[in-house]
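Going by our numbering, the first residue of the sequence shown is number 121, and it counts up by one from there.
None of these hints come from the bench; they were simulated from the model. Keep in mind that the hints are not guaranteed to be accurate.
Cross-link-like lysine to aspartate or glutamate pairs, in silico, EDC-like; alpha carbons within 16 Å at most [what the hints assert, rightly or not]:
no.: 1; residue 1: Lys141; residue 2: Glu131
no.: 2; residue 1: Lys272; residue 2: Glu284
no.: 3; residue 1: Lys174; residue 2: Glu144
no.: 4; residue 1: Lys198; residue 2: Asp183
no.: 5; residue 1: Lys256; residue 2: Glu173
no.: 6; residue 1: Lys174; residue 2: Glu150
no.: 7; residue 1: Lys233; residue 2: Glu173
no.: 8; residue 1: Lys272; residue 2: Glu302
Computed spacing ranges between beta-carbons, pair by pair [as the list claims (entries may be wrong)]:
no.: 9; residue 1: Val194; residue 2: Arg301; range: 21 to 29 Å
no.: 10; residue 1: Gly149; residue 2: Val218; range: 32 to 40 Å
no.: 11; residue 1: Gly236; residue 2: Arg280; range: 30 to 38 Å
no.: 12; residue 1: Ser287; residue 2: Lys256; range: 46 to 54 Å
no.: 13; residue 1: Pro139; residue 2: Phe219; range: 33 to 41 Å
Just so you know, even glycine gets a beta-carbon here, dropped at the ideal spot from N, CA and C.
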Amino acid sequence: MVINMLYSWKEVNERYGYPLKVREALNRGEIYRVGRGYYSDKQYINPFLLIAEKYPYAIITMDTAFYIHGLTDVIPDKTHLATLRNATRIADDRVVQVFTSKRIFEPGKSTQKYEGVQITIYDRERMLIEALRNSKTMPFDYYKEIITGYRKIDYNLDYRKIEEYISFFQKRDYLYNMLQREVL
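Can you build the whole structure from these sequences, using the hints too?
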C-alpha cells in the first residue's frame with residue numbers, strides 16, 4: 121500500500137469491490153475519508169493535495185506554489201489555482217482562483233510529486249515571473265522573502281526558460297529590467 125496516496129471513490133470501490141467493503145475498511149482504519157469522494161491511507165492529508173486532485177484542470181500558483189517550491193515558509197491559508205479565463209468559477213472557500221488568459225496559461229506548467237501525490241504546478245521559473253508581476257500587490261516583507269529565496273537558488277534556475285516565459289507577457293521590458301535588478 122502506498123503511503124499518503126489519494127484515492128477517488130471509483131478507485132476505492134474498485135479496490136474493495138463494493139460499498140459495504142469500503143465502509144468496513146473505513147471502520148477498520150485501513151483508509152480514511154479526507155473529503156467528499158476522496159480517501160487516503162493517512163487520516164490527515166495536506167489540503168493542497170486534496171484541492172489539486174479535486175481540480176485537475178487548474179494549476180497551483182502564487183502563495184501555494186511559492187510555499188511548495190520552498191521559497192517561503194509562510195503557509196497559505198488558501199490554495200491558489202490558475203484557471204483559464206472562461207473556466208467555471210470554483211465555489212470553494214479554500215481556493216483563490218486566478219483567471220488567466222490562454223496565452224499565458226500553459227507556459228511553466230509542470231507536474232511534480234508532492235508528499236506522494238502528482239500535482240500540476242507552475243515551475244520555479246514561471247513563479248519568479250509571477251512574483252515580479254505581482255510585486256506591487258504583495259506585502260513588501262513577503263515579496264523580499266521570496267526574492268531572497270530566488271537569490272539563494274539562482275544557480276539552479278534556467279534563464280532561457282525565464283526569457284521564453286517573459287516573451288508571453290505584455291510588459292516584457294519591465295519584467296526583464298525587474299529580473300536584472302531584483303535577482304541577478
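Requested in this report: Report the numbers of all earlier hints that the structure fails to satisfy, in ascending order.
Outcome: 2, 3, 5, 6 and 12
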